[in-house]
Every structure is written in structure tokens, then in C-alpha cells.
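In the order they appear, the protein sequences are chains A and B. So the first sequence is residues 1 to 376, counted in this note's numbering. So the second sequence is residues 1 to 376, counted in this note's numbering.
Because the hints were derived from the structure by calculation, they are not lab data. Incorrect hints may appear among the rest.
With a cut-off of at most 25 angstroms between alpha-carbon atoms, the simulated BS3-like pairs for lysine-lysine come out as follows [said to hold, decoys possible]: (1) Lys313(A) / Lys301(B); (2) Lys344(B) / Lys344(A); (3) Lys78(B) / Lys86(A); (4) Lys301(B) / Lys78(A); (5) Lys85(B) / Lys2(A); (6) Lys78(B) / Lys313(A).
Label pairs and their in silico Cβ distance ranges [claimed, not checked]: (7) Glu215(B) / Asn268(A): 44 to 52 angstroms; (8) Lys85(A) / Thr128(B): 30 to 38 angstroms; (9) Ile216(A) / Asp40(B): 55 to 63 angstroms.
Everything numeric in this text was worked out from a predicted model, so none of it was measured. C-beta atoms are modelled at their ideal positions from N, C-alpha and C, and glycine is treated no differently.
2 protein chains.
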Amino acid sequence: MKFSINRSMLLQLLNHVTKSISSRVITPILSGIKFEVTADSITLTGSNTEMSIITKLNENNKDKIQVEQSGTCVLPSKYITEIIKKIDGDTVSFELIDTNLMQVYTTSSEFTLNTLSVEEYPNIFLITEEKSFQLQKQIVQNLIKQTVFATSQSESRPILTGVNFVIQGKDLIMTATDSYRLAQKKVLLDVEPVMSKNLIIPAKTLQELSKILDEIEDNVLTIYTSQSKILFITESICLQSNLIEGNYPDTSKLIPTEFNTVIEADLNELLHAIDRASLLSRDIHNNIVNADIKTDGMEIKSISQEIGQVREKIQSAQISGDELKISFNARYALDALKAMEVNKITISLNGELKPFIIHSKDDENLIQLILPIRTY
Amino acid sequence: MKFSINRSMLLQLLNHVTKSISSRVITPILSGIKFEVTADSITLTGSNTEMSIITKLNENNKDKIQVEQSGTCVLPSKYITEIIKKIDGDTVSFELIDTNLMQVYTTSSEFTLNTLSVEEYPNIFLITEEKSFQLQKQIVQNLIKQTVFATSQSESRPILTGVNFVIQGKDLIMTATDSYRLAQKKVLLDVEPVMSKNLIIPAKTLQELSKILDEIEDNVLTIYTSQSKILFITESICLQSNLIEGNYPDTSKLIPTEFNTVIEADLNELLHAIDRASLLSRDIHNNIVNADIKTDGMEIKSISQEIGQVREKIQSAQISGDELKISFNARYALDALKAMEVNKITISLNGELKPFIIHSKDDENLIQLILPIRTY
């Protein structure tokens, strides 16, 4: 195995695959990255058993690698990435100088790394024999950004640590909830996929996918799903992940459709007011703030015996329906507002203890639901 | 007490004083910032018993404050800073609405904060009756940056957690050592100060001073010293700190003046080579790297049984004198090299176990000394 490769190109490939490498390694072999070099290309594989990422030198970049001898090896992820980051020069050379010694060198630097065992590296079987469908990158990025934050951080109900991914007819619906708040985004597909789907994708998978999508220029994802796995393929990467087993709760009945109070407000004004109000409550009062909703105006309030109190007037608020006082977790409201890419929002409520929803005329396919908190 | 003030101006003042407020507060009152408002100015004070910072609205900025009623109060540092950071608008108003209730408000936001007791706030006596001398900001910033990193992090010898500040005739000499490495910078003063000085300034004081100097535009510092304190005054801030008691070790004899081996090299090349060599040793080998110095060239090496090895050729190195192998802590060498603002450096050595120094023809007043490590 002997080849030279453009350093920044290799670094880009390494940055993709390392997203699948866990800092707490369960199997030592999975602390490594598998390098497969053929006559005119290189493929890197990283995996943490839950999720695997495979990335390959793009067809257009064949000139970035010069291969003298093809081969396969597994190099320690952490060190090879740091070395390629820090080594000088545009080109870096690799040569297997002994069964398990890889030399990585430029004119002035020469690293000799102990390799890991290629035989021990698990085979990653991609589920490409399944039926697939395609989505635009921009749509996938939005779907993730607008839902994944609402997944549960607690392992007590593993199902809620994932995002529910449903295809019904031409509708793709992603839902996340930690049982205190819920985020749901619907997308109308261009063509109807062959079959209905109802899967639970781990939040971690979607977060890493989102980071990679930010880094690459490919515009289309092909998505394959099986009973237990999901595979995302673009021109430059394959990311395959286990699904979370189980039945996601039916959330359709949770989202109310009729309301007693409706507020229209400016998203940014509300977001900054809640952020400020939570200044006094986030350390000692569980981040609880109150909204005082009257026909002639809306105020966000927070009171802390120890520190003091705050009142924020929402000047853009237009209220119709019943007056209402309601308490809620400021972080949930801030997360929801930050995920919405609109200027004007609508908050629709049904009394102080019923879930309220944040939505917008400018994006009717996104719903954020928050459960209020009983404070008396 | 009632006044309005330009928000960004107040934020700037708050950013200065909060540098003296400790996150682990020993006396509750010192979690507060003292606000003193007169007819046309405002003075803020923060303190952590070790160090106090006083900052005042600059003479040129009198129009940034409108005072209706002067007065004094102490506000919780953490909350008032966050509020001023996050509140909307160019101007923010303050009004003491009850003995210990301060209202902080704009058109839409209204915070009511519990104040702390003005009576409990300690009096800070500035040592301005002592003799003083002046230094240019640029010189002070360099002195700090080039020495303070070499102070000890361990409290076992408190003296070494400070920087030794010596004035002898027209020489100002700052020295820091943790007993494994030493950094010393000399500056020739324009005028001879009235008396000799030999003080130990806490590293923390110099680090916070350095941050403030980066933020302000004032060009000159007036420095007062007493037996137990040092005071730095610029147009916009006063920073007074306790000194560390005790006698700083005489380091003059530690620094060798004759050498058996002398290396001239490019600073950046050496810095990056040592940085890369330490990649393989920093996790498990205490950051030890080796230099192999031969008449015809110099290499930096590091070997790790577990990971592999690295050899870095220093192509710019010009060696005269004895050949030599030496081991040292890469972090010490990197800290020293990063503090030097030159392109070419000289390393002067006396065998594998004697301290070596890094210096430069382009800044003869800076010496970095490092103790090698015995590796056999």
C-alpha cells in the first residue's frame, strides 16, 4: 500500500468519517478508520456500531490521489486526523512499510504509526438492495433543524430519544417529543414513494448527518430504509444508522385544532423578551416564566424572591379570544422559536393547563407544541 | 438615585469590573458591583479581596449619562451584566424605587432587582499617595504576554504563582518560573524611577490586566506600588491588587551565559515540528519529545510504544558546537516559542541535563529557559 494524496482533500474525508467515531470506544478496532486504496480512489470507513459513515474520493477529484500500490489498512482515527491537520505541505504520502506499520510523510515530517488489524474491522453491509427515494439536501437540513432539538435527552424512554419519520402517501412527517414539548414538520414529496414508512431515527444520527450536509456540496440524498436500518447516500458520503426499535406514540391526537385564545406576534421580539425574562429564573426556578395575556396586550414575567422580577411588554402582540395567565419552561419556548424561520408567529392556546402551539401562516407545515407548567 | 445611560458604554464599564469578580464568592457582598452616580458621571467598583477594579465614565463621554438624582447602590454582578447585555435599545434607565429595589428599564423591559447593602461594601483605599512611574501600554502587554505563562499553577510554592517585578536603575525586569522553565523579559525605562523595587505580582492580576488593556484605548499606565499592593491606573480604569509576600528566588545565577552547542533556526518551523512531534506523546508520555542535534542537522523525535513514532527534520537549523541528544517537555517549548515575536531564534545548550535557553538576536531582552528531562 503506497500512495500520495492532496492533504486538504484527505482532511475533508477524515472530517466526515470521524463523526461516526465515538470518544468512548467500546471495541478498540472501532477507534480506527479503515482506508481502502484502489488504483485511482480512496474510501474511508468509520463506525461506532450504531452508525457507520463511508466516504470516497469524488469522481471529479481522481487527480488528487496518486496510487503506487493499492491496499487496505486501519489507522487510529484520533492520531491520523491530528497528523493530517497539522502536517505541512499540500501533499502527504502513505506507505505500509511492514505488516502493521504505516509511514505517513512529507519532505520534513515522518510519522510511523502502528496500524490496527484489517481482519478485525467489521464488514459494513449497506442496505442498498432496499427500495429508495430521494430528498433535496435543503429539505432534510430543515426537517432536522426544526425537530431534533425536541427529542428526549433521557434514556428512560429510548423511543423518545429518536425522531419519528413517517411517510404516508405524498406526506413526509417528522415528529420529536420529550413528552413536555413536541416539534412536528411536514413536507410534501414530489413523487409518492413506493410504500408507507414509520421509523424512529436516533437524534444523534440526524445531528451528525446535519453537520456533514453543512460541509458538503451535494444537493440530493437518496434514502434507503429496512426494518432496522436507514441509509443516506449522497455523491460523497454514505451514512447508515440503526433505527430505534418500538412503536412511536401516536401524537396526532395531542395537537389541538381549536383554540380559545390566539396571539399574533413578532418572532424576534417574543424570543428576546422570553430570553431576558428567563435571566432571573434559569438558575434557581427551573427556567419557568409566565405570560400574562390580556385583550389589550401581552406581558412575559418572571419572579425570583432572591434576585428580583422582570416584566416584558410584547408590543407586537395582537390578542383575540379569552384572557389568560400561563406558565411555561422558557427554554422550550426559545428552542421552538429559534427553529422557526419566519418573522411573524401565531400562538394558539386553550387555557392555562392545556398544551399550546406555536405556528406560523408563513410555514403551515411546522408545529411546535409546549405543555404549560402548573405553578400553584 | 435615578439616571439613564448609553447601553453599550455601560456594558463596556461592566466588562472591565467583572474581571475582578470571582465566580466562587467568599463574601456575598463581593458578588455585587458598586454603582456610584454623581451629577455627570458614573463609577463602578468590583473586588474579590485580592484584586479590585474601578472604572469610570471617561471625561469625553459625559454626554452618555443623564442623571436626575445621584446616589450609590450595589447590584448583583452576574444579573446586571446579563441584563445590560440582552436588553434592547440604545439607552437604559435606572431608578431606586425603594431602599433596596432598583428598577432597570427600557420602553418594553422592566427589571426590578434586589440590591445588596451599600454599607456592607468594603472601602477600597487606592495607594495613590505612593510614588509612581509610567509605562506605555504596549510595553506592559508584551511584558505580561512573554512571561506570565511560565508561572506555577501549583499552590505548593505560592511565590512561584506570581511574576517577579524588579526595577534596578533604569531596568525593569519581569521573571516567571515554575522551577521547570523560566521566562524573563527586560525593558529599559525612559526615566529612572525614584527607587528600586522587587515585588511579586499574582499571575491572575496580570492576566486580567492584560485582558482589560486589550479592550481599552488608553496608551499610558501609571503604576503605584507599596509594601503589599500594586496599582495600575489608566484614563479609564484603576486596577489594584495585593502582592504576593515573600522573597522571590534569585534567578540570575540560573541563566547560563556560556554554551557548548548553539542552534539558529526558524521559529515557525521549529514550533510546528515540536507541535506535531508532541501529537504522539501528549496523552501518555507526559509530552516528552527528543531533539537529536548533529553538526549536519537537527531532528525532533517522539516515540510511543502504543501509537508509533515521529521524526521531524528542522531544515532551517544551523548548528555549531557539540552534538547532543536532549529530551524536554514539548508544552514548555511551545509556550516559550509562542511568546517570542521574532522570526529567527537561537537555542543555546550545555549538554543533555543542563538547562537550555531560547532567545533571539532580534529581541535580546527576552530569555526563555527550559530544564531538560532525564529519560534514561
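To see whether the hints hold, each was checked on the structure:
1. Lys313(A) / Lys301(B): violated (65 angstroms)
2. Lys344(B) / Lys344(A): Violated: lysine 344(B) and lysine 344(A) sit about 59 angstroms apart, past 25 angstroms.
3. Lys78(B) / Lys86(A): Between lysine 78(B) and lysine 86(A) the Cα gap is close to 39 angstroms, so the pair fails against 25 angstroms, i.e. violated.
4. Lys301(B) / Lys78(A): The hint holds at about 19 angstroms.
5. Lys85(B) / Lys2(A): violated (56 angstroms)
6. Lys78(B) / Lys313(A): Given pair lysine 78(B), lysine 313(A) holds - Cα atoms ~23 angstroms apart, limit 25 angstroms.
7. Glu215(B) / Asn268(A): 44 to 52 angstroms: Check failed, 29 angstroms falls outside 44 to 52 angstroms.
8. Lys85(A) / Thr128(B): 30 to 38 angstroms: Violated: the Cβ-Cβ distance is about 51 angstroms, outside 30 to 38 angstroms.
9. Ile216(A) / Asp40(B): 55 to 63 angstroms: Holds: the Cβ-Cβ distance is about 58 angstroms, inside 55 to 63 angstroms.
When each numbered hint is compared with the structure, violations occur for hints 1, 2, 3, 5, 7, 8.
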